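*Asks:* With the hints as extra help, turn the sequences into a complete structure.
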Amino acid sequence: MSNPQQLRYSKEHEWLTDPEDGVSTVGITSHAADALGDVVFVQLPEVGDSITAGEPCGELESTKSVSELYAPLSGEIVETNLEVVEDPALVNTAPFEGGWLFKVKVAEGALDSADLLSADEYTAFTGN
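Going by my numbering, 43 is the number at position 43 of the sequence shown; the sequence numbering is gapless.
If you're looking for bench data, these hints aren't it; they were derived computationally from the structure.
As the structure is a prediction and not an experimental result, all values here were calculated from the model.
Mixed in with the good hints there might be a few duds.
To be verified - Each computed SDA-like pair below joins lysine to any residue, with the alpha-carbon atoms no more than 20 Å apart:
1) 105 to 82
2) 11 to 74
3) 11 to 82
4) 11 to 111
5) 11 to 116
6) 11 to 92
7) 11 to 113
8) 105 to 8
9) 64 to 93
10) 105 to 116
11) 11 to 126
12) 11 to 68
*Replies:* In structure tokens form, the structure reads like this:
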């Protein structure tokens, strides 16, 4: 699965949309989903939580391991994807669509200071 060009990527394998009205949608990449294996449990931050770029903000558990979910940028959680909590397999089957994880109101200046990659840079970083 190729990495959508319109998204930005973190080196911890999260993707995010450009902010719309100050809000970005965040998920994990297909590369991360493949490495995890079948995701069986998703723990997301709560609406209203503040997250800090590079810090853990949730957890993904698969049949292989438990992995922390890292915040790709700083801000406040405004929505979580309850469908992915109820059906964690969406992370594997639709990582860039129905498998999104949360929406964050981006803190002022956070996007400028975030260490994010373009789709081509991320593809080079992961080798696929």
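*Asks:* Tell me the hint numbers this structure goes against, listed in increasing order.
*Replies:* Violated hint: only 3; rest satisfied.
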